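Residue numbers (my numbering), protein chains in the order written: chain X, 61 to 401; chain P, 30 to 134; chain Z, 23 to 397.
Simulated from the structure, these hints should not be mistaken for laboratory data. Possibly wrong hints are sitting among the right ones.
[Stated by the list, open to error] Only pairs whose alpha carbons sit at most 16 angstroms apart, straight line, appear in this in silico EDC-like list of lysine to aspartate or glutamate:
#  : chain 1 : residue 1 : chain 2 : residue 2
1  : Z       : Lys37     : Z       : Asp72
2  : X       : Lys124    : X       : Glu250
3  : Z       : Lys336    : Z       : Glu359
4  : Z       : Lys130    : Z       : Asp107
5  : Z       : Lys261    : Z       : Asp47
6  : Z       : Lys37     : P       : Glu104
7  : Z       : Lys147    : X       : Asp252
8  : Z       : Lys272    : P       : Glu94
9  : Z       : Lys71     : Z       : Glu40
10 : Z       : Lys130    : Z       : Asp97
11 : Z       : Lys315    : Z       : Glu289
12 : Z       : Lys349    : Z       : Asp207
13 : Z       : Lys285    : P       : Asp68
14 : Z       : Lys272    : P       : Glu89
15 : Z       : Lys285    : P       : Asp67
16 : Z       : Lys147    : Z       : Glu181
17 : Z       : Lys147    : X       : Glu250
18 : Z       : Lys266    : Z       : Glu229
19 : Z       : Lys354    : Z       : Asp334
20 : X       : Lys124    : X       : Glu162
21 : X       : Lys200    : X       : Glu162
22 : X       : Lys124    : X       : Asp199
23 : Z       : Lys349    : Z       : Glu76
24 : Z       : Lys272    : P       : Asp91
[As the list claims (entries may be wrong)] Some chain P residues well away from chain X (every beta-carbon gap over 12 angstroms; in silico):
#  : residue
25 : Asp47
26 : Gly73
27 : Gln90
Here the structure is a predicted model, which means the values were calculated and not measured. Glycine included, every Cβ here is placed at the ideal spot set by N, Cα and C.
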Amino acid sequence: MPIRFRDPQIEMAHGAGGKASRRLVEGLFAPLFFGGAPGPLGDAAHVDINGTRVAITTDSFVVKPPSFPGGSIGELAVNGTVNDLAVSGAKAEALVVTFVLEAGLPTAVLEAEVRAMAKAAREAGVRIAGGDTKVVEHDKADQMYITTTGIGRLLHGVTIDPRSVRIGDKILLSGPIGDHGITILLARGELDFEADLRSDTRSVLPLVETLIRTAGPGIRWMRDPTRGGAATALNELARDCGLGMVLFEEQIPVRNTVRGACELLGLDPLHIANEGQFLAVVSPEYADAAINALSLAPGGSEARMIGEVREQPADTVLVTALYGGSRIVDMLVGDPLPRIC
Amino acid sequence: MCLAIPGQIVEISSGNSDSALVDVVGVRRTIDLGLLQDDRPSPGDWVLIHVGFAMSKISEQDAAEQMSTLRMLGEIDGAMQEVQGYGLDDVDETKPRLSPKAGSA
Amino acid sequence: MRFVDEFREPELISKTAEEIRRLADTNCSYRMMEVCGGHTHAIYRFGLKDILPENIELIHGPGCPVCVLPMGRIDDGLAIAQQPDVIFAAFGDMMRVPGTHGSPLEHKARGMDVRIVYSPSDALKLARLNPDRHVMFFAIGFETTAPSTALTMIRARAEGIRNFSVFCNHVTIIPAIRAILDSPDMRLHAFIGPGHVSTVIGCRPYEWIALNERKPIVVSGFEPLDMLQSVVMLLRQLKAGEAKVENQYKRVVPWEGNRAALKAMGEVFQLRPYFEWRGLGFISQSALRVNDKYAAWDAEQRFAVPGIRVTDPKAAQCGEVLKGVLKPHQCKLFGRECTPEHPIGALMVSSEGSCAAYHNYEHRKAAMVSLAPIA
Chain X
61 MPIRFRDPQI EMAHGAGGKA SRRLVEGLFA PLFFGGAPGP LGDAAHVDIN
111 GTRVAITTDS FVVKPPSFPG GSIGELAVNG TVNDLAVSGA KAEALVVTFV
161 LEAGLPTAVL EAEVRAMAKA AREAGVRIAG GDTKVVEHDK ADQMYITTTG
211 IGRLLHGVTI DPRSVRIGDK ILLSGPIGDH GITILLARGE LDFEADLRSD
261 TRSVLPLVET LIRTAGPGIR WMRDPTRGGA ATALNELARD CGLGMVLFEE
311 QIPVRNTVRG ACELLGLDPL HIANEGQFLA VVSPEYADAA INALSLAPGG
361 SEARMIGEVR EQPADTVLVT ALYGGSRIVD MLVGDPLPRI C
Chain P
30 MCLAIPGQIV EISSGNSDSA LVDVVGVRRT IDLGLLQDDR PSPGDWVLIH
80 VGFAMSKISE QDAAEQMSTL RMLGEIDGAM QEVQGYGLDD VDETKPRLSP
130 KAGSA
Chain Z
23 MRFVDEFREP ELISKTAEEI RRLADTNCSY RMMEVCGGHT HAIYRFGLKD
73 ILPENIELIH GPGCPVCVLP MGRIDDGLAI AQQPDVIFAA FGDMMRVPGT
123 HGSPLEHKAR GMDVRIVYSP SDALKLARLN PDRHVMFFAI GFETTAPSTA
173 LTMIRARAEG IRNFSVFCNH VTIIPAIRAI LDSPDMRLHA FIGPGHVSTV
223 IGCRPYEWIA LNERKPIVVS GFEPLDMLQS VVMLLRQLKA GEAKVENQYK
273 RVVPWEGNRA ALKAMGEVFQ LRPYFEWRGL GFISQSALRV NDKYAAWDAE
323 QRFAVPGIRV TDPKAAQCGE VLKGVLKPHQ CKLFGRECTP EHPIGALMVS
373 SEGSCAAYHN YEHRKAAMVS LAPIA
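In isolation and in its complexed conformation, chain X is listed as follows (with noise of 0.2 angstroms):
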């Protein structure tokens, strides 16, 4: 497989999860690291050892600003990894995890985010394995990067293949989208508007387990909508099975507040980062029963079922109205950026 990226450096597109990154892993990473086609990328890889099937996934936490309303970098490093796991039809088992850190950062910083992973790893029942740190000069970071590796064993009954949905199955979502990309954006301060507005970072463990005991054997793909929001997730799923997903506008649940933000900026909320959510395409069958037991999970009141897939239009996102209209929602391409035209 030839090497088929050809952007002459790297900007920050590249890591926002949209069509750069996608360039990015399928034009340079798959061919020098698989060799010929990798298959469907999913959260996490599912590889044999001695006979035993387990997940394996890493992530790299960067966030500016590293505290924020509702979390915080360390929470998000361990639920990250956590729900890539989960949305794989895993559970994480052990994490390990590596620091770099800025000279100059205040150990009060660093304590107050190595607690924080330690409580959410306590949340998920996950155990913190062991770690590396690295130091870099004053300047040449961000206060602290945190990268984690995580291990899972993988959850019975439930098998994770974008290549298995089929026409006519419905695609569900676990709760409002925007919150983390949202409350990130304003927590910057560099747009100075203000908003009642926190992150939803959790495990999502706990409701991709509700939802595999009630609709197991009719669940066909799993994905957790982070950087790029769930038109960049649901454009990937297009595209790796060749089918439309057709998304009904008035189901898919935004806050109000996060409506108002994007509004303002003229953003998409389907493009804005999540880090407690996720999509589930379920069979037809199953789904009335997945979202009854997901409405009724703590943290899964405002599950919604929000489309379906469709033979037309293939590859692609189309979101209808109740009115008759529709919109093609594309991947993100590059950072979400305020606009005012």
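On the provided structure of chain X, position chains P and Z as indicated by the hints.
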């Protein structure tokens, strides 16, 4: 060409009457009222916000009138058609009917 | 959201669309230009084409300030920012617009101090916070945005803030409409007038369109019901053989405009004799420059700018699309060389450019066999 959003004035800044806190469904920001010098808004008023400036006061009365016009849309014509159904056709034929030139691609 | 949600009410939208179908003569075709890029964006975002009858064709106009800005101006702005201690501040809209050597974001990746601001007043705030640096605000926009830039400069002067300047690219909408109407291959029946520009200039400046050109124009809001109601009003005028200026957006647009805003513009700006528009060429008296009173806050007067004209690639047919002669996808480069990620032509660079809007929201819909109604 210009994204502008309705927001409600929460309070006028003390000490600077050209500056006010506005609320857009829970999102708040201080905006500049300097372009509304001729018709100053008060707390509770709705203004149209563009790039951090209030561009115009929003008229609740005009908005309500627009909604009622929209609700009546078609109803008058629908009633007319019903009347016509009874053979009481009195359509004004004196006005010239404009047929826009058929546009070719 | 107050004043937003009620104008998106599905039932009323369907009813208004029905009224449009009733009014539109099936033997006629109607070509209406929405002047404003915000309307273009709304048309695609709300999928209004899906609910309008096929014989109503919406032609996307020149009202996208990012789209019509020639590449040479971006190069000039970035050239100023190359100088030591200069901070380049601009709206997010400008960040991905390519200059000859890359966009502002690409320059940022190479180390330039590029800041995204939501408001010109935020750029001035940056200048207050960085007294040892110079903040250059790259100003774009039509008459909606120009007053905010003007008032910010008035405040800078009043406060004596010297480390702040504006690189002025403000343009005016009326000369662009005139240029469109003067174009020989232009066939239009009516105009959807720009709502937010009209909060400033009012409705009178459009009277010549009705009187001299005999075209109806309705100043319109941006919600689905606003735009559909404007189409109803235009169809009624056409049916009655009338051509007048009407104001659909009364809740926001005063007929006389905003005098304080016009006064602020008059205080700071003067008309340029001519200005280049991407896709339309040079248009006389179509843009604003900073006047001599405010020379100390004018980046063009404070810094040496290269001022080199950069011509667009010949293959890009932006002018034809801008004038409504071609549909976005009929351009030779559309979706191939020219995409929202790698825009070549002007109309692909901003999300309200008609090519980008078409590419983002509509493109693949055209390829659909059928779209079953949603239950």
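Among the hints numbered above, which are violated by the structure, and what are their numbers in rising order?
-> none
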